[in-house]
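S.K.: Chain by chain, the residues run as shown.
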Amino acid sequence: MLLSAKQDWLGNIRGDILAGIVVAIALVPEAIAFSIIAGVDPKIGLYASFAIAVIIAIVGGRAGMISAATAATALLMVTLVKDYGLQYLLAATVLAGILQILAGYLNLHKFMSFVSKSVMTGFLNALAILIFMAQVPELLNVTWHMYALTAFGLGIIYLFPYVPVVGKILPSPLINIIVLTLIVYYMGIDVRTIGDMGELPDTLPIFLWPDVPFNMETLLIVLPYSVSIAVVGLLESLLTANVIDELTDTESDKKRECKGQGIANIGSGLIGGMAGCAMIGQSIINVKSGGRGRLSAMVAGIVLLILVVFLSDILKIVPMAALVAVMIMVSIGTFNWISIKELKTNPTSASTVMIATVIVVVWTHNLALGVFTGILIGSLFMAQRLSQFMYVDSSYDDATDTRTYNVIGQIFFNSSERFIAFFDYKEAVDKIVIDVHRAHFWDITAASALDKVVIKLRREGADVTIIGLNEASETLLDKFAVHDKPEEIEKIMGGH
Amino acid sequence: MTAERKGLVLAGIDGSDFSNSVIDYSIWISKQSQSPVKFLHTIEHSHHSEIPHHEGNLTPNMKEHLLEELSDEERLESKKMIADGKTIINAARDKAEKAGLTDIIAKQRHGTLPEALVDLEPELAMVVLGSKGEDHKGDKQGLGAQLEAAIRVIHTPVFIVKGEFSEPKKMMFAYNGSPTSKTVLQLIAQGHFCNQALDIHVVSVQSALDEAQALIDEAASVFEKANVAITTQALAGDAVEELTGYQQKNAIDVTAMGAFSHGKVHGFFFGSFTTRMLLESNTNFLLIR
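Taken in sequence, the protein lines are chains F and V. All letters in the first sequence, in the order written, are residues 35 to 530 by the working numbering. All letters in the second sequence, in the order written, are residues -17 to 271 by the working numbering.
With the rest of the complex left out, here is chain V (with noise of 0.2 Å):
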């Protein structure tokens, strides 16, 4: 991240299986870019009572009790989890210290991570997720069910982790010429991506060579401005299979691209790419929407 830019690297943990990656990755871009970490834990009511009350009648004052039972059942919960959320932001904390950064935030928000996102943004340059949270844990497959939400309401790049830390070498950039690829493009010739730690493979590929070659000069063009080093290839054919094919075979450590540039409604009916992405890819992600 750049001087001018000095917004939060903003890590959303819960200690799920990932949340140990999440907190290496946000600490190693947090050292990359010198911008402070936050890791940040949220509280999610379950509004689920857990006492089966079963009797159906209506006693007097009935809403005044049940209120009172119902506030004091969520207080001891929300207790619980406060106090656990607590327990894994101080160790995101230690683990950050000890890496000898200095800048750390650790905090909880109630509500949703979506809605934390939202009331978050604007003091955050990136926010890092696991791809899957803590409902998810032992499955293999598939992607946490607030992954998508997280992604679709804010604007701020998001970095999600795919698996174990391992020092990211090299970063496949997917280019496909779209407005969204295009702002993507800007951001990291302008180095707002770590850019002096990665090897930067831009990447485009579309039915006909030539046009994915078009693109490449296009892109290519631009960071020659920028004066930063690439390197590129133009493929054709299927764009999922393509990609992924590049990145097992340029052992690619972080895929960057614009994310989620249809509706949902359209994702919906066609599938989305970037769910197909995230799905069968095994390398980081860096999505900007």
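So that you can see chain F by itself, here it is in the shape it has in the complex (with noise of 0.2 Å):
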């Protein structure tokens, strides 16, 4: 462990320090972006950025992972800061975390699993959705040169990667950032800028406790937006540390990502920062830039900071351009443009799960909503699909007047209609005989449906025998549990 650790901090120092700049330089227009959409001061996402980005470094879970002030977090905050202010998003912020760091003690990262390729491919498409429409109030009621300069800066970050040797080096966003500025303040263009947006920080983050009264109304004020961040922050963290441990082949701890959260959480509203989560963009830079250690992440909290309180008088003469040119980089980069393409070979329900993901998300703008949905939707069409799973058939034997039924199959909620319509009552008979030895009931109301078809059946007047009931109904206890066991994984598939 001690081992480890120190693999995690030391084990790539230059590709951490050079990858921990690149993303500092990136996350600084992100958290006035997010700020500015969640109606704060600049300086609330920057001191949020700094506080969550050096936390999760020591505590998170996923080496190699960003995390700092996010748009998934900064669109649930907009109502509570317009009705309350922002002393009241700062308490949120503390209770998101304290609730952040109690689903990781309860192990509720295992609730990942309900979430389907499908349901995050809407979540991250609805996320991008979003983040472009939050640019949009800033391209409204402008001149052509706000338009001249969006565009520019576009052009700027995806071709000067192009440019031979110094492509490489220089991060595109900044180029990006120092030429609009240097246009716009030699020409003397009158656009809006940075400054124009409120406070930067001028001064080293200070701890702050949040200015609320401590009593129950504060709390069922907070509460509901502490548990969408809650929410928000460990699905889009934990996808994140997903995404991260796939493009580098490693293990990361879920758990204490959670808990990491949490703590990072608490610290930004401690020190007036808002809340935020992993960013599955900037995690990408920093993976792609070289970054694979814990380093990389402290070195982008701490350049951030020093960039931003020593460079805050130029940093209010950038114009907005600039800004809106790298979150439309943001939006563009987080849509998973496969997905497009995919509508047409994928399954409808699929396609269904994820569609009505992000329909939720860009309705609501909460994306915890949207994911419930999908994981909704798509589990009912896992049902749908299971309860095919079940036939039966019977024979009759005329020397004894007996019908006999064979259930085979799964037998629960959805499929208890099927399963009592496959009787035929009408049928006069002396004796029915229903095997059930190769059927499973699943829930209660499979076991109610077998209850009422022997009802129906013994009111016609037939003597009715049920054989292997204690087989089928096996998985109604709820601590029925196949795991690691072959043979009874076996009788489910092939029957008893």
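For the record, the hints were derived by calculation from the structure and aren't laboratory data. In this text, a Cβ means the ideal position worked out from N, Cα and C, and glycines have one as well. Keep in mind that the hints are not guaranteed to be accurate.
Said to hold, decoys possible - Here are the in silico distance ranges between beta carbons for each label pair:
#1 F:E524 / V:L169: 24 to 32 Å
#2 V:K62 / F:W178: 49 to 57 Å
#3 V:D220 / F:L140: 45 to 53 Å
As the list claims (entries may be wrong) - Listed below are the simulated DSS-like cross-link pairs for lysine-lysine, each with C-alpha atoms no more than 30 Å apart in a straight line:
#4 V:K62 / F:K40
#5 F:K40 / V:K61
#6 V:K144 / F:K40
#7 F:K202 / V:K62
#8 F:K202 / V:K61
#9 F:K40 / V:K89
Said to hold, decoys possible - Residues of chain V placed beyond 10 Å of chain F at every Cβ, according to the derived structure:
#10 H27
#11 G38
#12 D76
#13 P104
#14 L180
#15 S263
Hints given; two lone chains; assemble the complex.
M.R.: Structural data, given as structure tokens:
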């Protein structure tokens, strides 16, 4: 453990420091943009990004992942800030952190297995759309200069990397910021700058207890926001951790990540920062820039703070166009473009889940609601499919006037109606045998469906016997588990 | 090794300066104990990209492109490491064949050495490692970065090679009465380590001589029961100083002792006895946890 900790910090010093600087440069415009989304001064997002990046470097569960102020969490704060002000946001941030630590102890990260690939894709696409939509107000009711500058900035971001040598060394979002600032400053173009958007940090952050009354009323105001922030923050963080696991072919500690996100948010809230979480785009940039260890997130946070505190006078004159260009880049980079092509080839159920997730998020601006919708619809599709794994055949024995029904497959809430319909209640026979030893009753709906069938058949005057009920109802128990028992799984797949 | 425990003698080799001695010692141990020898080379992925990418921009489908790029890069890296490792283990196999061994396994595994040891432990009787690996080329002092981790993860005896091969003649067993050292005592007395080839010196160092003598008597009676002839010495003073002094005076080749009986935190604050012994002795070691 100590050995791996050292490796996590010092295993890749050069790569981590360079990547950390690249990330810090990209974090600055994003932190400012997300502050604007949340409706607070840019310094709130910048302090948050510093605190979260540095704290998560120490306490996070995924080395090489970058966390800071994010769009996903900023979107959830809008009404809280508008209705109650900044102090309530800080309180909500601290509370969200506490909830996340709790989630870590309760192993809630395991619920991530319910989030299917389609829901993930929907989550990212929705996030990309929301980030783009947040830029639209900056592009309305403005002169043509704004469009020209933004387009030029995007051109620099995407084309500068093709310039030989320097293109691969200097981060193109930074070049975009420098070039656009110089143009606006020296040509005296009258467009909005970051300085117009609110206060920038001029000092190092200081410890501040949120200035709210500590009572039930406050709790009830912030709790719904905190829950949303905690859930969305963990969703995006765990999703990003999976992406980094895959990219680097290494493992991460998801439980530690949940608790780490919580600690980072508490830290952010207490120095006057907003809530955040892992950033998928920045984490990918980090890995691409060679960042693998904990050091890169630490460097990113510290460099960010140095940049904004010491360069705040320069930051003030950066035109919003440069920022909007960066955010459009983030939006384009977050969107999963392959998923559009896959709409044609993927099963309709998968596409439905993805699109439903996107629609609910874009509609509510709450990624958690979208994810829940996606999980729900996906589960319904799955239940629908599983219910087809059931049929009943029957045979009649003339000599004893006995009808035997053989039930095979999975009976649960969604297949019980079909199960009932398989029986012929109009047939007048003496004896009826229902052989269920190759069937599985998964829930009480299934059990009561069998009761219904038996009662109905008895009413018609038949003697009903059930065979193999013990085996069939094993699955009814909540503690029924087939993990690591191949022979049990074999029974369910192939009948007893 | 006795007949009922026909585990493998596993030699961890990585092409470092010590690898040749590790191969020689494992051949010797394998012959003495008549157990099969297994040469293991582990392929550790660095997971560090060598291609600088500091564009800092997000391009469409960047994750997919990056995944492809990184996996291609690592594939090449792995292939090269596998090829290099093959050369190393094949050379070891040749050497073992020339030395007359017949039961030889040469394998490669992905991951770190400690990970490999954990996975393979059930089939092992003894692990032979160099005191320094390939990351420490040239530096005379010091211990390999993975050595302590490797010793800590398994309970199989670990033979640590400190220098060029010379046929071991004398083994010093440092006995302090602790539970681990009692285990070592039993193993040696039962002939689990090449006793027929080695003179065994049982040495005990305590702050008072009579305490040390009491421990020696305790150990001697175990050896007597097992019909193993030994030389004994009770000493008073600092354990590391006295033991290394005894090693030099008596030309000891192998030091046997219990290892890392304290946790890592204890070692962090008080310094580990095992680590000090490893650093300050010139003999090879037989460590058991």
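S.K.: Does each hint fit the structure? Answer for all of them.
M.R.: Consistency of the hints with the structure:
1. F:E524 / V:L169: 24 to 32 Å: violated (44 Å)
2. V:K62 / F:W178: 49 to 57 Å: The hinted range 49 to 57 Å holds for V:K62 and F:W178, with Cβ atoms some 55 Å apart.
3. V:D220 / F:L140: 45 to 53 Å: holds (51 Å)
4. V:K62 / F:K40: It holds: about 27 Å lies between the C-alpha atoms, which stays within 30 Å.
5. F:K40 / V:K61: holds (27 Å)
6. V:K144 / F:K40: Judged against 30 Å, a Cα distance of about 25 Å means the pair holds.
7. F:K202 / V:K62: holds (27 Å)
8. F:K202 / V:K61: At roughly 27 Å apart (the allowed maximum being 30 Å), V:K61 and F:K202 satisfy the hint.
9. F:K40 / V:K89: This hinted pair holds, its Cα atoms lying about 29 Å apart.
10. H27: Its Cβ does come within 10 Å of chain F, the nearest being 7 Å, so this is violated.
11. G38: violated (3 Å)
12. D76: Holds, because the least Cβ-Cβ distance between V:D76 and chain F comes to about 33 Å, which exceeds 10 Å.
13. P104: holds (19 Å)
14. L180: The assertion about V:L180 holds, with a minimum of 33 Å to chain F.
15. S263: holds (23 Å)
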